[in-house]
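Q: Residue strings, one per chain:
Number of protein chains: 4
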Amino acid sequence: MNTFGRIFRISILGESHGECVGVLIDGCPAGQPLSEKDLLADLNRRKSGRKGTTARMEEDIPLIQSGVFNGRTTGAPILILFENKDIDSGAYERIKDTPRPGHADFTAFHKYGGYNDYRGGGTFSGRLTTGLVAAGVIAKMLIRPVEIEARLTEAGGSDDIEGAVRSAIENKDSVGGIVECRAKGLPIGLGEPFFDSVESLLSHIVFSVPGIKGIEFGAGFAGTGMPGSAYNDIILNIKGETKTNNAGGINGGITNGNELVFRVAVKPASGVQGKQQTINLKTGKSAELVIGGRHDTCIALRVPVIMEAVTAIVLADLMGIGQMMPAVVR
Amino acid sequence: MNTFGRIFRISILGESHGECVGVLIDGCPAGQPLSEKDLLADLNRRKSGRKGTTARMEEDIPLIQSGVFNGRTTGAPILILFENKDIDSGAYERIKDTPRPGHADFTAFHKYGGYNDYRGGGTFSGRLTTGLVAAGVIAKMLIRPVEIEARLTEAGGSDDIEGAVRSAIENKDSVGGIVECRAKGLPIGLGEPFFDSVESLLSHIVFSVPGIKGIEFGAGFAGTGMPGSAYNDIILNIKGETKTNNAGGINGGITNGNELVFRVAVKPASGVQGKQQTINLKTGKSAELVIGGRHDTCIALRVPVIMEAVTAIVLADLMGIGQMMPAVVR
Amino acid sequence: MNTFGRIFRISILGESHGECVGVLIDGCPAGQPLSEKDLLADLNRRKSGRKGTTARMEEDIPLIQSGVFNGRTTGAPILILFENKDIDSGAYERIKDTPRPGHADFTAFHKYGGYNDYRGGGTFSGRLTTGLVAAGVIAKMLIRPVEIEARLTEAGGSDDIEGAVRSAIENKDSVGGIVECRAKGLPIGLGEPFFDSVESLLSHIVFSVPGIKGIEFGAGFAGTGMPGSAYNDIILNIKGETKTNNAGGINGGITNGNELVFRVAVKPASGVQGKQQTINLKTGKSAELVIGGRHDTCIALRVPVIMEAVTAIVLADLMGIGQMMPAVVR
Amino acid sequence: MNTFGRIFRISILGESHGECVGVLIDGCPAGQPLSEKDLLADLNRRKSGRKGTTARMEEDIPLIQSGVFNGRTTGAPILILFENKDIDSGAYERIKDTPRPGHADFTAFHKYGGYNDYRGGGTFSGRLTTGLVAAGVIAKMLIRPVEIEARLTEAGGSDDIEGAVRSAIENKDSVGGIVECRAKGLPIGLGEPFFDSVESLLSHIVFSVPGIKGIEFGAGFAGTGMPGSAYNDIILNIKGETKTNNAGGINGGITNGNELVFRVAVKPASGVQGKQQTINLKTGKSAELVIGGRHDTCIALRVPVIMEAVTAIVLADLMGIGQMMPAVVR
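Protein chains in written order, with the numbering used here: chain A, 5 to 334; chain B, 5 to 334; chain C, 5 to 334; chain D, 5 to 334.
Do not rely on the hints blindly, as some may be mistaken.
In this list, chains with the same sequence are indistinguishable; a pair is considered to hold if it fits within one copy or across any two.
To be verified - Below are the BS3-like pairs computed for lysine-lysine, each with C-alpha atoms no more than 27 Å apart in a straight line:
hint: 1; residue 1: 247; residue 2: 176
hint: 2; residue 1: 279; residue 2: 247
hint: 3; residue 1: 89; residue 2: 279
hint: 4; residue 1: 286; residue 2: 89
hint: 5; residue 1: 100; residue 2: 247
hint: 6; residue 1: 89; residue 2: 247
hint: 7; residue 1: 41; residue 2: 176
hint: 8; residue 1: 289; residue 2: 247
hint: 9; residue 1: 188; residue 2: 279
hint: 10; residue 1: 243; residue 2: 41
hint: 11; residue 1: 279; residue 2: 243
FYI, nobody ran anything at the bench for these hints, they're computed from the structure. Owing to the predicted nature of the structure, the values given are computational and were not obtained by experimental measurement.
Modelling step: build the complete structure from the supplied sequences, incorporating the hints.
A: Okay, structure coming up:
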């Protein structure tokens with residue numbers, strides 16, 4: 005379902021070329037100062053406009069429709085909408101019957117019996133992450149003083165990220181990347197062994213973000229090649245600080261007070277410029293496809309702020325920051 | 005919480021050195037033939053006894069306590085228990101106050117205020133996966149003709165798995181590994197874009213399994229280094245068969261009818277034999293620790309059948325196989 | 005939380021005097037014809053304007069913001085909003101610090117630490133049921149040929165409903181009532197013994213509707229005075245038709261194929277016209293209060309269509325009508 | 005599903021004539037002193053043996069299988085089982101094909117396609133409430149100093165309860181009743197307007213208890229005949245104490261600090277002694293049925309302690325008493 009979280013709960017909605025996209029946030033405590041302009045900095049980080057991102061320019065102005073009164077959250081659900089404005093659906097009519105390789109066109113057609121809104125990827129569009137970023141800003145406020153920071157560490161298999169993107173643009177191709185996310189200042193004890201480990205909840209929401217195909221915590225896949233004697237993080241003191249952080253800040257699914265560290269694999273953007281082979285859903289025959297529309301060359305460029313957002317959302321939920329208890333008790 | 009699934013739902017319980025471990029399965033349709041001996045083959049695959057696994061020998065005889073009548077499921081919750089018999093808790097008293105590096109001892113102590121059952125790792129023990137395997141057998145029956153197969157493809161960074169394990173035993177050290185899981189015969193259309201993508205649900209349950217620190221689907225992390233033109237899986241025919249399978253059988257979070265493929269990183273077993281530095285929880289001072297007890301050298305050896313089980317559990321849930329609708333309608 | 009349902013799931017949002025009220029519907033299958041005008045008939049039945057309802061006149065024009073494309077549902081979440089237009093918040097400023105007896109003013113103040121939107125009852129307003137009615141129209145479409153009908157059977161303890169309302173208006177007082185709801189054509193077997201009995205789910209959502217203080221199924225409270233030999237419904241034939249229907253169509257929490265029958269108690273509207281004693285939240289001293297604003301004399305007049313809506317929502321969920329399975333399978 | 009609660013969560017299991025019945029409790033905080041004998045007093049109140057209850061005598065000895073270590077809860081799931089011992093299934097073989105009027109025999113047969121465990125009502129048996137009572141004892145400990153007390157106020161429509169039961173025994177008939185439950189010492193602010201009002205959650209779990217057919221809060225159905233001016237509870241002081249308690253301690257779905265009061269309607273026991281008309285599920289023809297087995301004359305006699313238990317369970321959940329946060333923070 006389109007809902008995530010037990011205490012701090014978000015629901016996502018909208019389509020790329022419909023009226024709007026948005027997010028409904030339930031469980032935000034009352035009394036948190038919040039205005040639309042608080043959301044802009046992170047929304048700008050997600051935006052297109054840079055080299056390697058799509059030419060579609062959306063203003064991404066958030067409209068808070070409920071849950072805020074006199075500049076503060078009320079404890080009621082917060083609906084934030086973003087109108088879709090810079091829409092050019094023409095290109096999509098042409099490709100309606102010829103699913104783009106790597107996209108969700110084929111699976112969506114089958115799942116929804118052909119009734120899905122195929123324009124711009126519909127509900128599968130990366131544009132849906134706008135709502136995640138907005139909810140993430142609120143979650144970041146609530147989990148203070150925890151600090152989260154994500155950055156792109158690799159593109160196209162290289163740490164010369166600009167070079168990799170430039171080269172992909174020149175080749176009319178696309179390129180993937182790896183984003184690393186770190187959170188500092190976490191209390192010891194968040195998460196549960198079964199089934200709500202920190203890794204479980206983080207990966208659950210992370211894999212909702214279009215284009216993510218892998219996640220690893222701490223030493224991750226490389227750690228499988230280490231001997232246990234080197235992998236084990238020596239505990240240095242009563243606060244639980246460790247000499248190394250191969251565990252990525254999590255033991256037994258539970259935060260150990262060290263830095264939380266994970267990396268995600270972002271696949272190359274599916275929207276490449278050349279001819280691609282596919283099939284025609286109506287005739288059942290092979291077809292050649294040249295994708296029009298406006299696309300990102302490297303969606304990984306836009307992913308760091310989204311990873312920060314989903315991490316903040318999970319932590320708010322795990323920290324039990326919700327509108328359950330009487331405010332006077334909190 | 006200790007529950008997973010929306011339609012086919014499992015809850016896990018028990019401690020390594022308590023009375024028992026077990027699983028409660030809710031939502032299994034009525035009328036499925038089921039006996040305790042159906043569970044044995046997969047339970048045996050999870051068992052210790054091989055080179056590289058612990059010397060603790062549990063018979064793992066499943067006791068079906070409810071939900072089965074006259075050899076068939078009744079539609080009521082199925083409780084399956086495994087008694088703990090080969091228990092040697094002595095070693096754990098010694099290490100009660102000195103948390104083992106790499107284990108959940110430190111985090112559990114903090115999370116549960118020192119009241120956790122620390123013997124044998126308590127509720128964090130790999131022994132809890134016995135219930136997952138039992139539930140997995142039932143899920144495999146329900147999702148037929150889908151077939152799932154997992155195997156260990158690497159240990160200690162090498163594909164000479166036996167050699168890596170032997171060498172770790174000789175060094176009184178431990179070793180991690182990579183397990184690959186594949187599922188064939190899936191219908192097109194399982195999963196939902198937000199937030200219940202196939203990757204989201206699989207990774208959620210996978211990261212509940214002790215020792216898992218990474219997961220990737222299809223080309224995964226390596227795919228981030230490929231150009232989009234090579235990464236995109238060409239669609240060959242109207243059934244959606246693709247030339248390559250870099251997507252691992254999932255587009256937009258939804259199965260595309262090709263083989264589902266994922267790999268998990270299993271960390272080196274934490275229980276190494278040498279001296280390790282840690283702290284004493286009572287005195288707050290540094291301490292040296294030599295772990296006794298009986299431990300696995302390579303827990304990854306036991307993980308394949310667990311990966312098959314959790315995959316089957318997720319697929320049963322996504323296929324909506326539950327005891328919701330009247331049996332006459334099903 | 006502000007969400008109800010497992011398969012067909014609704015979330016409610018908005019405030020009486022904020023931007024809007026609305027509903028987010030998740031799990032509606034793709035392909036269902038739906039337009040805004042389909043919603044109008046039931047929305048009109050909920051509206052004010054009749055004798056005994058508030059003078060606030062809202063047009064209640066539904067705006068479908070997502071989840072519908074080319075006149076059909078897409079399988080994505082459906083957001084329906086209603087703008088608030090006929091707002092007169094002036095009266096509420098006066099009573100901000102003096103909670104109205106019978107209203108949620110006092111509890112909301114404490115729960116939300118004074119940050120709640122108090123204007124018009126905020127999120128506690130009966131206006132929030134607009135979204136329920138809209139979702140109910142969609143649910144009614146999905147559960148066809150099941151038919152649901154609710155009506156007001158008593159007001160002020162009398163079956164002369166018009167008389168009771170007229171008399172309350174004359175006395176500048178208010179009056180409660182009893183609404184009976186019936187559903188025909190249900191399959192045998194909906195519901196589960198623990199904890200999702202039909203009575204459990206219906207009462208859960210029914211008690212979300214402002215002003216409901218009791219519910220009974222079949223013979224209900226009166227049935228407690230009958231001998232079992234008279235209460236038991238004799239089974240007449242293999243279809244399960246019974247001679248009497250004291251069970252209200254439910255045995256063991258599960259539909260038995262007979263008519264589903266329940267009645268709800270709607271309390272007298274809290275907004276009476278005379279002086280009432282209360283306290284001042286700022287000074288802590290006793291205060292006298294004369295309520296302004298525009299209020300219903302008998303909210304029970306507007307409840308029947310809401311009861312139909314929530315019944316349809318529960319039945320859609322229990323019938324497993326959701327966007328889980330591939331459309332090609334459904 | 006067989007699970008209830010978001011923070012303090014219980015799952016019920018077992019059958020009347022199977023191996024056992026029981027409850028799995030998830031979310032109980034670590035460190036709560038708990039032993040099997042703590043459960044006995046309330047279990048004894050639920051037991052049969054008194055005039056008007058069944059001749060089946062179960063010892064109801066609780067076996068704590070997990071989640072308790074050294075006399076305290078560990079934060080892990082608590083499994084409590086009760087073995088079934090005094091079983092006489094013979095009578096049920098005779099009636100297997102002739103569903104008893106008023107019981108769940110007919111609906112269970114259809115829902116589970118004939119695979120349900122029909123002996124003694126299987127999973128529909130009142131015996132399943134043993135687990136509720138055990139969970140309720142733990143919940144009562146956790147919500148201290150809140151105090152809950154329930155009592156039978158009417159049987160067979162009369163307040164001479166003993167007389168009504170005696171007369172029903174003489175007539176080989178059965179009799180229903182009304183149970184009133186009160187909770188004192190609640191904080192202001194528990195519950196949420198949509199959809200987790202206190203009334204919603206209480207009624208949800210209450211209607212899982214076999215035999216309950218109605219619930220009302222405060223003045224309930226009688227309140228619908230009162231004028232609003234009399235129904236509204238005058239607020240006396242800053243603590244929110246009211247002159248009357250027609251609201252039953254709940255405004256807008258949220259506790260107001262006054263006593264929580266509700267009443268439930270318990271139907272007459274279905275197991276009457278005379279001949280009853282039904283059908284034969286195999287032949288499809290009418291049949292006459294004389295019920296054997298051992299039955300209660302007045303199940304309402306056993307309901308008060310169950311109402312206390314479910315109230316405590318809901319309050320623990322609403323008070324957010326769970327094993328989410330690190331124990332050091334709690």
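Q: Indicate, hint by hint, whether the structure satisfies it.
A: Hints versus structure:
1. 247 x 176: between (45 Å within a copy, 22 Å between copies)
2. 279 x 247: Only across copies: residue 279 and residue 247 sit 16 Å apart there, 52 Å inside one copy, limit 27 Å.
3. 89 x 279: neither (29 Å within a copy, 52 Å between copies)
4. 286 x 89: The answer is neither: 31 Å in one copy and 47 Å across copies each exceed 27 Å.
5. 100 x 247: between (55 Å within a copy, 22 Å between copies)
6. 89 x 247: neither (51 Å within a copy, 37 Å between copies)
7. 41 x 176: Neither, since 36 Å and 46 Å both go past 27 Å.
8. 289 x 247: Classified as between; 15 Å across copies, 60 Å inside a copy.
9. 188 x 279: Classified as neither; 46 Å inside a copy, 30 Å across copies.
10. 243 x 41: neither (38 Å within a copy, 38 Å between copies)
11. 279 x 243: Answer is between: at 21 Å across copies they meet the 27 Å cutoff, but 58 Å inside does not.
Of the numbered hints listed earlier, those contradicted by the structure are 3, 4, 6, 7, 9, 10.
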